[in-house]
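Q: Chain by chain, the residues run as shown.
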Amino acid sequence: MDTFDYIYLIPLIPLLMFLFLGFTARKIKEPVSGYLGTAGLLAVFILSYYTAYKYFFADGLVDGKYQQIRVMLKEGWIHFTDKLAIDIGIIIDPISVMMLVVVSTVSFMVHIYSLGYMHKDPGFSRFYAYLSLFTFSMLGLVLASNLFMIYIFWELVGVSSYLLIGYYFEKPSAVAASKKAFIVTRFADMFFLIGILMIGYFGQSFDFMTLNSESTISMLNSWIANHQVASFLGLSVITWALILIFIGGMGKSAMFPLHIWLPDAMEGPTPVSALIHAATMVVAGVYLVARLFPMYYHIEGGAALRVVAVVGAFSALFAAIIALTQEDIKRVLAFSTMSQIGYMMMALGVSGFDGYEGLGYMAGMFHLFTHAMFKALLFLVAGAVIHAVHSNFMKDMGGLHKYMPIASWTFLIAALAISGIPPFSGFFSKDEILMAAWEYNKIIWFVGFIVAGMTAFYMFRLYFRIFHHKDTQYEHPPHDAPANMSFSLIFLAVMTMAVGFISFSEYISASLKPFHSHIHWGSPLVIGSIVIALVGIGAAYLMYYKETEYPQKVAAAFGTTYKWAKNKFYVDELYMYVTHKIIFDKVSKPIAWFDRYVIDGFMNLLGVTTLGIANRIKFLQSGRLQDYAMYFVSGVVAIIIIVIYYK
Amino acid sequence: MGAVQLSVYAGGIMVLFIYAVLLTDQIGKPLRDTSWKRKLLAGIISMGAAALSIYAIVTFQGINKTFEPTVTRVEDIGEKLLSYEPGGFVLPFEVISILLLAAMIGAIVIAKAKKLVNQEKN
Amino acid sequence: MIEGVSLIEILSLTTILFFIGVYGFLTRTNLIAMLMSLELMINAEAINFVAINKYLSPAIMQGQVFSLFIIALAAAETALALAIILHLFRLTDSIDVKDVEELKY
Chain A
75 MDTFDYIYLI
85 PLIPLLMFLF
95 LGFTARKIKE
105 PVSGYLGTAG
115 LLAVFILSYY
125 TAYKYFFADG
135 LVDGKYQQIR
145 VMLKEGWIHF
155 TDKLAIDIGI
165 IIDPISVMML
175 VVVSTVSFMV
185 HIYSLGYMHK
195 DPGFSRFYAY
205 LSLFTFSMLG
215 LVLASNLFMI
225 YIFWELVGVS
235 SYLLIGYYFE
245 KPSAVAASKK
255 AFIVTRFADM
265 FFLIGILMIG
275 YFGQSFDFMT
285 LNSESTISML
295 NSWIANHQVA
305 SFLGLSVITW
315 ALILIFIGGM
325 GKSAMFPLHI
335 WLPDAMEGPT
345 PVSALIHAAT
355 MVVAGVYLVA
365 RLFPMYYHIE
375 GGAALRVVAV
385 VGAFSALFAA
395 IIALTQEDIK
405 RVLAFSTMSQ
415 IGYMMMALGV
425 SGFDGYEGLG
435 YMAGMFHLFT
445 HAMFKALLFL
455 VAGAVIHAVH
465 SNFMKDMGGL
475 HKYMPIASWT
485 FLIAALAISG
495 IPPFSGFFSK
505 DEILMAAWEY
515 NKIIWFVGFI
525 VAGMTAFYMF
535 RLYFRIFHHK
545 DTQYEHPPHD
555 APANMSFSLI
565 FLAVMTMAVG
575 FISFSEYISA
585 SLKPFHSHIH
595 WGSPLVIGSI
605 VIALVGIGAA
615 YLMYYKETEY
625 PQKVAAAFGT
635 TYKWAKNKFY
645 VDELYMYVTH
655 KIIFDKVSKP
665 IAWFDRYVID
675 GFMNLLGVTT
685 LGIANRIKFL
695 QSGRLQDYAM
705 YFVSGVVAII
715 IIVIYYK
Chain S
180 MGAVQLSVYA
190 GGIMVLFIYA
200 VLLTDQIGKP
210 LRDTSWKRKL
220 LAGIISMGAA
230 ALSIYAIVTF
240 QGINKTFEPT
250 VTRVEDIGEK
260 LLSYEPGGFV
270 LPFEVISILL
280 LAAMIGAIVI
290 AKAKKLVNQE
300 KN
Chain X
5 MIEGVSLIEI
15 LSLTTILFFI
25 GVYGFLTRTN
35 LIAMLMSLEL
45 MINAEAINFV
55 AINKYLSPAI
65 MQGQVFSLFI
75 IALAAAETAL
85 ALAIILHLFR
95 LTDSIDVKDV
105 EELKY
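Chains as they are written, first to last, in the numbering used here: chain A, 75 to 721; chain S, 180 to 301; chain X, 5 to 109.
Quick caveat, the hints were computed from the structure, so don't treat them as lab data. Warning: the hint list may mix true and false statements.
[Stated by the list, open to error] What follows is a list of derived Cβ distance ranges for each label pair:
| no. | chain 1 | residue 1 | chain 2 | residue 2 | range |
| --- | --- | --- | --- | --- | --- |
| 1 | X | 96 | A | 670 | 21 to 27 Å |
| 2 | A | 706 | X | 77 | 38 to 44 Å |
| 3 | X | 81 | S | 218 | 58 to 64 Å |
| 4 | S | 218 | X | 20 | 17 to 23 Å |
| 5 | X | 96 | S | 274 | 19 to 25 Å |
| 6 | S | 194 | A | 705 | 33 to 39 Å |
| 7 | S | 202 | A | 685 | 41 to 47 Å |
| 8 | A | 689 | S | 193 | 44 to 50 Å |
| 9 | A | 706 | S | 193 | 38 to 44 Å |
| 10 | A | 703 | S | 193 | 20 to 26 Å |
| 11 | A | 702 | S | 193 | 35 to 41 Å |
[Stated by the list, open to error] Below are the PhoX-like pairs computed for lysine-lysine, each with C-alpha atoms no more than 25 Å apart in a straight line:
| no. | chain 1 | residue 1 | chain 2 | residue 2 |
| --- | --- | --- | --- | --- |
| 12 | A | 194 | A | 103 |
| 13 | X | 58 | S | 218 |
| 14 | S | 216 | X | 58 |
| 15 | X | 102 | A | 692 |
Where is the CB? At the ideal position from N, CA and C, for every residue including glycine.
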């Protein structure tokens, strides 16, 4: 295949698999439906890797610059005006191909893993159908060529997430969590849509390639210069549009303050958490900002980008503090995800554009890639552990190292990666982020630095407490993961170790021109980040390798702060208060009253009036023939009079 | 014409009426009278309508002719009834005969005595 | 038909006859009496047909032929109406018009 025309097959296969599995869910059960779903994903996996090979190594590089290829399926699907239209098309450029690799790899691993994890679950086929739906939506999202298409797939991803989080629909907590996830992201999407419409209006296009082009950007910048009045709080309308789009991304990527759905989303099955809430859906926000990065960088001197950096840094810090205190292993991992995505946003925010200055962009994308691998691995191991121990809480675990060696070693590899220890992949990506932050703003660098230490600490707290710590007596000795689960774990562990050595800057860069970057091994930044990671690991080792008094003492020392952090800083309670006391009582109830009494009352009034009139005039139908004849004759007379006198 | 009228009416229809009156066995009983309100209303309406119609007739232009004596012969009417040329009435003639047949059948069906039917069935 | 009498007078006569029939129809309580008023109305109209035909277009004989048909029709209709009245009498044992007010509200 010479051109990229086959690319629409990549999202199409999971869609067909979803429809097929969905319709035959009652007849085709475990394990055939699992094998079918996995087979579909295998096809997607192969196609994605082939595309990556073709793009990065064979065709993509033209004149030293990666070209963006648009494969149009339908030009002008819906027209708003003569010039403004929504197309259906696929864009192939470095980040979309990279995301293809990420999504297909993680999804494929999750499919294989679920063959073991969801064994004997009654809704097995339904699960695989939903997984295929999600994969289709996510692939569509990364391949979308214009803002509206991305919005459509954005919503589809949200729906798939809703279906998968609420998979155990008999559990009320799961149902509540899925509703919460959907509603919070939907709320964020309201802002997203407004942003899209504004950009479409001012930029006269929805298409990414057109919007990111120099002509559009200079047009918008000159518009801003000419319309200084059209601004709010010192930022122009167009920057606000970009910020609104970012808010949509915040919802999907669980940035503060729209993060509340992510910890609750852990109610879903663990493979779902691995796929959606670690590796793919939550990075949709990062992907969106990366997609529109030329606009973010160039419009009004990158004002919107500063917002991105600050939000990212703050979320990273916020989540890390909370993660230090959580007892449920999936919650720790959820907050860890939020923190790492904060890193990615921060990376994009501090980035420049051309060449080496675009380090932040490249590092953010690289971190996305590596994070997907090791975070999915962490979740899958957690799933294996939960499966073996039948509990999510760390207090029920301990000493699993001797029972579950594969899980233990792979978890260790992933924990080292996320802490940023060389030669694991997390080190390379995280370090490049910190380097970019140092160039930009020392405060943000410091935040990132601290968070790196905290990350190492809570990760190893988790590792030690699950696998070492104490010798818990288990009712039935936990077995290590079965073959299909272990395969995924080992594959992802290998990826985690290997990916670090990819020279990412050769492929991904903001200006589409590859540049050269390498780690300066001697620089104080690099040494400093390794040191702080080791400090974190050391502290965790001291406190948790054996059972000690230290954790309680430290918690007591921090007192109120500890309590606040453990309760996730009461953000959920705040939201509940605002919605219940303020929105429900002050806004919704009066509107409901109005609807019930005024509008319905008016309708009822119409009905009652009609009935009343009917009651009065029903006597006309007397049944007497002569009365009818009378009406007849009078009618004729009346008509004659009218005809004669009103001609 | 008059002869036709006489024969049909005095002979047929009046006999029918008398049969009906006989059969409905109401000769001895007194009839309820209509309320005077109804009579008044009916009177007003019919008088009013009559007045209107006569007014319309009188003020209509073009029918103020007096009679020119032409005599129509019954033979002419008979011929007309059976002629096929345009202006002939053979079709309505046939249709009327079928209509009379239908009316006869209808009258028999409606007025059939139920008891008789039951007895016949038994 | 009569010399010197214009059409207007004849038409007025038939109109009066007609509305006498209408009055009778609206006022009588006896079903058979109602029928008789109906007959009156129909015959008045038949005369109308003939008169107009004679005065206005004597060559075409449509009016007179048509009045023949009217007589036939009236006869048929009377027969049917009397059959219905007989049936009603069997059902309700009365020929008063107020006993057939079944189709009320």
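Q: Each hint needs a verdict: does it hold in this structure or not?
A: Structure-based check of all given hints:
{"no.": "1", "hint": "X:96 <-> A:670: 21 to 27 Å", "verdict": "52 Å, violated"}
{"no.": "2", "hint": "A:706 <-> X:77: 38 to 44 Å", "verdict": "20 Å, violated"}
{"no.": "3", "hint": "X:81 <-> S:218: 58 to 64 Å", "verdict": "26 Å, violated"}
{"no.": "4", "hint": "S:218 <-> X:20: 17 to 23 Å", "verdict": "18 Å, holds"}
{"no.": "5", "hint": "X:96 <-> S:274: 19 to 25 Å", "verdict": "35 Å, violated"}
{"no.": "6", "hint": "S:194 <-> A:705: 33 to 39 Å", "verdict": "34 Å, holds"}
{"no.": "7", "hint": "S:202 <-> A:685: 41 to 47 Å", "verdict": "46 Å, holds"}
{"no.": "8", "hint": "A:689 <-> S:193: 44 to 50 Å", "verdict": "47 Å, holds"}
{"no.": "9", "hint": "A:706 <-> S:193: 38 to 44 Å", "verdict": "27 Å, violated"}
{"no.": "10", "hint": "A:703 <-> S:193: 20 to 26 Å", "verdict": "24 Å, holds"}
{"no.": "11", "hint": "A:702 <-> S:193: 35 to 41 Å", "verdict": "28 Å, violated"}
{"no.": "12", "hint": "A:194 <-> A:103", "verdict": "10 Å, holds"}
{"no.": "13", "hint": "X:58 <-> S:218", "verdict": "36 Å, violated"}
{"no.": "14", "hint": "S:216 <-> X:58", "verdict": "41 Å, violated"}
{"no.": "15", "hint": "X:102 <-> A:692", "verdict": "18 Å, holds"}
Of the numbered hints stated above, those contradicted by the structure are hints 1, 2, 3, 5, 9, 11, 13, 14, listed in ascending order.
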